[in-house]
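Protein sequences appear in the order of chains V and B.
Residue numbers for the first sequence follow my numbering, so the first one is 673 and each next one is one higher.
Residue numbers for the second sequence follow my numbering, so the first one is 673 and each next one is one higher.
Calculated directly from the structure, the hints in this document are not laboratory data.
Treat the hints with caution; some may be incorrect.
Copies of the same chain look alike in the list, so a pair counts if it fits in one copy or across any two.
Straight-line C-alpha distance at most 30 Å; calculated BS3-like pairs for lysine-lysine [stated by the list, open to error]:
| hint | residue 1 | residue 2 |
| --- | --- | --- |
| 1 | K908 | K852 |
| 2 | K852 | K702 |
| 3 | K916 | K961 |
| 4 | K974 | K705 |
2 protein chains.
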Amino acid sequence: MTNKNRLHVVALAGGVGGAKLAHGLSQVLKPGKLTVIVNSGDDFEHLGLKICPDLDTVSYTLAGIANPTTGWGRLDESWNAMASLEGLGGPSWFRLGDRDLATHLERTRLLKMGYTLSQITEEFSHAWEIEQSIIPVTDDVVPTMVDTDIGILPFQEYFVKQHCRPVVRGFKFINVEDAKPAPGVLDALQKAELIVICPSNPWVSIDPILAIPGVRNALLSNAIPIIAVSPIIGGKTVRGPAAKMYSELGFNPSALTVAEHYGSCIYDGVLSGFVFDNMDIMMSDEILKLGMQIFVTNTLMKTIPDRQRLAQEVLEFGEDLVK
Amino acid sequence: MTNKNRLHVVALAGGVGGAKLAHGLSQVLKPGKLTVIVNSGDDFEHLGLKICPDLDTVSYTLAGIANPTTGWGRLDESWNAMASLEGLGGPSWFRLGDRDLATHLERTRLLKMGYTLSQITEEFSHAWEIEQSIIPVTDDVVPTMVDTDIGILPFQEYFVKQHCRPVVRGFKFINVEDAKPAPGVLDALQKAELIVICPSNPWVSIDPILAIPGVRNALLSNAIPIIAVSPIIGGKTVRGPAAKMYSELGFNPSALTVAEHYGSCIYDGVLSGFVFDNMDIMMSDEILKLGMQIFVTNTLMKTIPDRQRLAQEVLEFGEDLVK
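Chain V on its own, in the form it takes in the complex (with noise of 0.2 Å):
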């Protein structure tokens, strides 16, 4: 193990792209040198019940125990409380799988007797022996809402109940500017030698972490290396509405895109480095000419090893840019 699997790692991650590189850099860094932030937009109420569809995602991901098909829900999962829901004519939009379903109740009942979802996220990483730390972004609840062809829409509506298949014109992070970061997110930062911005959707995964106050100005603040990983591989996202968003915001959905929404006026002199697919490299010359490094590799991540290769290259380049 070289040194760089002794740096303390943060990885801002959102749902299955950021989890499985934050997988790869918890597998490949020393326990408890890793801490990954996640986005706590997607959250929200359903059947009475707090569903964190990216802190789940992230957690299953680390304890092993994501279904390896979907990327998300759990492994081995069985579906009879959601078939004798249909049954009874609920609410069947949103797929909990029984064994994802006792994550929900229990993080319920929690909340109900005063803890916070900071603290239930620990809770639940020790249960499930996760090594490195997860903690969300705020405790606090900052609803994305994405404003589209068809009305505002809370985000799981669009993105699971209508398929994504509105027109999205904007987001809006409700309650963001009174929002506070979890404990332990600013020390994370502070304490941090690398940070790694996972391949997420930069506008509705990674926008929401940064939209909460001090936490761009920790990043800004601390003069390491930022590194992004871009979630777009030839104009397309491995999963989710990325690039449909894109086009449908006025952009061309490509690694360049992603590398400009990083370096522009929100994150402006925050990202040190960008990390995209081989597949995209003719638009190296383009990157570069932002002011950032590139690291050009294999980003699609198929299987276990896969993830731990791209950990170890992202880290590697990390090493590069302290230096």
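Let chain V serve as the given structure and place chain B on it in line with the hints.
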């Protein structure tokens, strides 16, 4: 089908034993002729869910989707949510199967939307294709508390968490004075041509039904036969703590004691017939002295034909009492 199968019958029921006879009645009576009025005293909130054990046992049983081994819970049940909840250190003393969970989730969701328990029960009955009426005795919250040697316990804590081990001193039906019968309860009692008190626990299944203001008067004012079936056979209960409760409260548990219970001040003059097991035939004279007619038969319902046969016998006994 004889005339007796066209009677309007009301059955008062608690959990497993009551549900079995109610099921028999539901099968031998024409559809729409049976109303089962179910104890609400066992209902409680757990994991943020409204759980109605007796109501669900009766509904699942009449729908043919009850677990035939336990008598409660669902057929072909899986336990993945419970296993995962245990893995998180959550409360697992009250066993909720995956299919069963959907009932509680959807009921809780509909209650929060403003539907009443009786409306929801009717909806669920339709979904489960139950052709008879099932009504919780009240839409109000009337938790049964058990006064024991280790303190006053909510019913499910006594029954499930403590496995009925504490010594019982008495019962209290909280809020019962202010409770109203659910819509349809008094109507059914007034329209009834025969009322059957199912073989349920007199203390914690039947007494709480009769304690709802208006219910006992509706029984008294309707000059029709009321038949009770003893839940105690040979000094024991098939399931549940009725016999243990009688002992701890200073009574010898027997069919006679149950007949005295139903012939006592609470039910004075109400009971016209009493059905008990062949095993207790030696008590016939003493029970007759209480002023009620008797019918002695095999009351143990091991199979579905047993339920139908006992139901048919109860109806015939009732018809004789009408004459």
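Of all the hints numbered above, which does this structure not satisfy? Sort the numbers upward. 1
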